[in-house]
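*Asks:* Taken in sequence, the protein lines are chains A, B and C. The first sequence lines up with residues 1 to 327 when you count with the numbering used here. The second sequence lines up with residues 1001 to 1303 when you count with the numbering used here. The third sequence lines up with residues 2001 to 2320 when you count with the numbering used here.
If you're looking for bench data, these hints aren't it; they were derived computationally from the structure. One thing to keep in mind: the hints can contain errors.
As the list claims (entries may be wrong) - Some chain A residues judged to face chain C by a derived CB distance under 7 Å, without partners named: (1) Thr-85; (2) Ala-152; (3) Glu-155; (4) Pro-156; (5) Asn-159; (6) Thr-182; (7) Gly-185; (8) Ala-200; (9) Glu-206.
Stated by the list, open to error - For each label pair, taking beta carbons as the anchor points, the in silico distance ranges come out as: (10) B/Leu-1248 / C/Val-2017: 22 to 32 Å; (11) C/Phe-2073 / B/Trp-1118: 52 to 62 Å; (12) A/Glu-301 / B/Leu-1248: 30 to 40 Å; (13) A/Gly-119 / C/Gly-2161: 54 to 64 Å; (14) C/Leu-2257 / B/Leu-1192: 31 to 41 Å; (15) C/Val-2134 / B/Leu-1248: 53 to 63 Å; (16) A/Ala-277 / C/Thr-2262: 49 to 59 Å; (17) B/Ala-1096 / C/Val-2134: 19 to 29 Å; (18) B/Ala-1004 / C/Val-2017: 44 to 54 Å.
Said to hold, decoys possible - Where chain C lies over chain B, by a calculated footprint (3+ residues, C-beta under 8 Å): (19) 1026–1033; (20) 1053–1060; (21) 1070–1078; (22) 1083–1090; (23) 1103–1110; (24) 1207–1219; (25) 1241–1249.
For glycine and all other residues, C-beta sits at the position ideal for the given N, C-alpha and C.
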Amino acid sequence: MRIERLLLVLAMVASLAFAVAACGDDDEEGNGGGAAAGEDASSEELSGEIRIDGSSTVFPFAEAAAELFNEEYPDVRMTVGQSGTGGGFEKFCAGETDISDASRPIDEEEEVPICEENGIEFDQVSVANDGIAVVTNKELAIECMTTDQLKALWEPNSNVKSYSDIDPSFPDTPVSLFGPGTDSGTFDFFTEVINGEGGASREDYEASEDDNQLVTGVSGTEGALGYFGFSYYEQNADKLGLVQVDGGDGCVTPSTEAIQDGSYTPLGRPIFMYPSASGLEKPEVQAFMEFVVTQNQAIAEAAQIVPLTDEQATESKSTVDALAGGS
Amino acid sequence: MTGAQIAAAARRQTTVIPRRRRGEAASAWGFAGLMYGAVGLAFLGLAAIIWDFAGDGASVLSWDFVTSFPSRVIPENAGIESAVVGTIYLMLICAALVVPIGVMTAVYLEEYADGTRWYNRVIEVNIQNLAGVPSVVYGILGLAFIVRGPLSMGPVLLAGGITLALLVLPVVVIVAREAIRAVPPSIREASLALGATQWQTIWKQVLPGSVAGIATGVILALSRAIGETAPLLVVGAGVSLRFNPDGLDSSFTALPIQIFAWTQDPNQEFVARAAGAICVLMIILLLMNSVAIWLRNRYEQKW
Amino acid sequence: MAEPRLAAASGAQGGRVDLTRTPTRRSRFEAGVRAALMAAAAVSVLTTLLIVGSLVFETIDFLGEVPIGDYLFGTKWTPQFAGDQQSFGVLPLIWGTVYLSLIALVVAIPLGLLSAIYLSEYAPSRVRKVVKPVLEVLAGVPTIVFGYFALTFFSPEVLNGVFGLGVGVFNGLGAGLIMGLLVLPTIASVAEDAMSAVPASLREGAFGLGASKLQVSLRIVFPAALSGIVAALILGASRAIGETVLVLVAGGQTPNLGLDPTESFQTMAAFIAAQARGDIPAGSIEYLTIFAVGFTLFVLTLLLNLVSIRLVRKYRQVYE
């Protein structure tokens, strides 16, 4: 009998110890309510629930938006999910979510009919921009690649075994490729834009579900080259080499500005939120979409995502305003 | 040494023991070495894993960590309160469902079912098969029939709890069956001979005698359930909730989901916090298990 | 207790024999209990039916577009690639599942059973009371931890660093071995329970006959606990086959029909999980693969279980 009592006590002591041990060194401010809340008194009225789900690329943006929105309207319950663009649309068209995050437009052939079948009407609103970074192992010295060179490297049945096969000025190192799994929107986008068709790619590369693992792979393998979302590069810039991409107008280094103003082509794309008509009937959802567009810069900065260009912002704003009118 | 050999030796009036001991000692030592080596290796491996995440996690743990909601704006303030509450609720629902149904199924199969009847064979094969179905498939089941379909609950806490219960039910049944089977037939026969009915025998003799084994089954089941991510995601659990789930019909999230999302986040700050969340998960598991272990040690039977 | 009308007396007198029993409250209660228990057991059957129901329709849709021969016997699994490259042969996924599970079981079964024997027969009671719960807590470590352990420590530091095996970042060997560690507590705990439950009289009888501790453990206790040990093995194997997240993190996402464990592999369960969270359009053929592969996995584990049940029944006869 003594042993399990001992275990129980140990467990409780352990939890208490953990609680006490590392506490105190982070600032108390900022969580749950934070600094000065919304200035208008009327902002306290909104309540209800908003369900958002979809792309994991858009997720940081949606999460930041939810958090900042909650600072003004603390009574609105926000649930943000990460089921993937496809999974998100599936739930969206079943009426289970109010807003769907997407890293690509809704598929006309497959997904729109499902929504129509279930009587779900929706609108497309651009909310941010995303870019794909081409990265290398730190030791591999490749400064810039044209889209043709990228194509030669990544196209189906590519015979490139060493980087010098693409261009004699590149190092004569055997290629070791890393990329997102085939179910990923990043894969679809990259292959479409570089190889001409979504899904067309050479097959002998290391694929992973998690872009963080690709970072581990590329930084730890000699002669490695890979591609993934730009924010993953930004967070790990000290471990990786970055390749400039020449989309026809010279070598461009990916950066927030370059992606935003479109000079980093073709590896930049807008990402979306799709509010449903039934969702928009709720005032909190309407307010949220307006918030997303008007506070776009702040949200994107907090999420470390590339914000909308002024042009995109104007367009999105008018879409959202139109939504407010009709219903 | 078989009985026949001993009998033969007795007949020959020779002692067999010395000859046996020579070869015996060597193999006994060999086996002991193998055994201790195995246990040592197992523990080394598991200790290394714990060390790996405990180190990263400890630096992140604090009371604030457990009582804040996830944050994107200030990663240092990101906490796991909604996830912890969700996980605890899910475990309670899961246990409440899986213990009665699992034990009842095990009792039926061991005590009542005629093993030669086809429908009982079907049930047996079913249980065993279900133990090997990947958890994602249970998520698909939950989505199709509990969240939508006939029950149409929506992606709520109860739906998640039921899905998890169905997932770990086979574990409880299989282990509980073994526990019930281990009760010697003599106990049952004595009870029946004294005039008890079948149910009285089970309720008063067999079940109390198998509590320890059943507790093991429940521990293993809940241990499995607490770490499950994929089925909950398919069923519609959120990833980032800024409120605590407050009822069976509320949206929810769970610790493993939060962990999974954080490890995949580009921001390394979140990856570090994932380790902390894992530590908290382990502590909850430890507390849960302590209760079950206490039960087991208290009611353990040596036949 | 039911009170049967005694028939013998009337029979002896040449009257009609009435063997009906009077239902009493107790017998009705017993019948009710039996019905309730049966209903509980039926839950498992219901679960299976629901699983099949949720998978089979989409599988049929899928097979409407991909000939079943191509699916079952094709050796290339590239559903997301475009045009000519797209191939729906599921063999690489099946092989990945089998191969990694085998590697896991090669680790988990010997280590698990030896640990169980140690805990049940050799360890002092104090040690057992501490070690066994610790093992069970380890069974609850989220599988993602095991996955990251394999990816960030075991493969680079142990497999490459200590043994110099030259494995890739994502590889089958690391994933398989660590999966063995994952499954080990399950096997050890359930097997240990089974062995502890063997009545002391059996052991004592054997000791009385002059057997050594080794002989008692291996020749008496082990066979007597066989049904529980087999249950442990089956639970362990099932866990390995269905394991998703560990493989997702550490095994890579490349379907592979080869034998080289230093390369990356993909299992059926990992594929389903990745696909379900991906960006593919809902309703497309690529999406339907989730259901087709899920159904295939279900059928495969069913066949495996049928075989193992038959085997167990055979061996059980020998020892009981």
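*Asks:* Could you work out which earlier hints the structure fails to respect and list their numbers in ascending sequence?
*Replies:* Those not satisfied are hints 2, 3, 5, 10, 11, 14, 15, 20, 21, 22 and 25.
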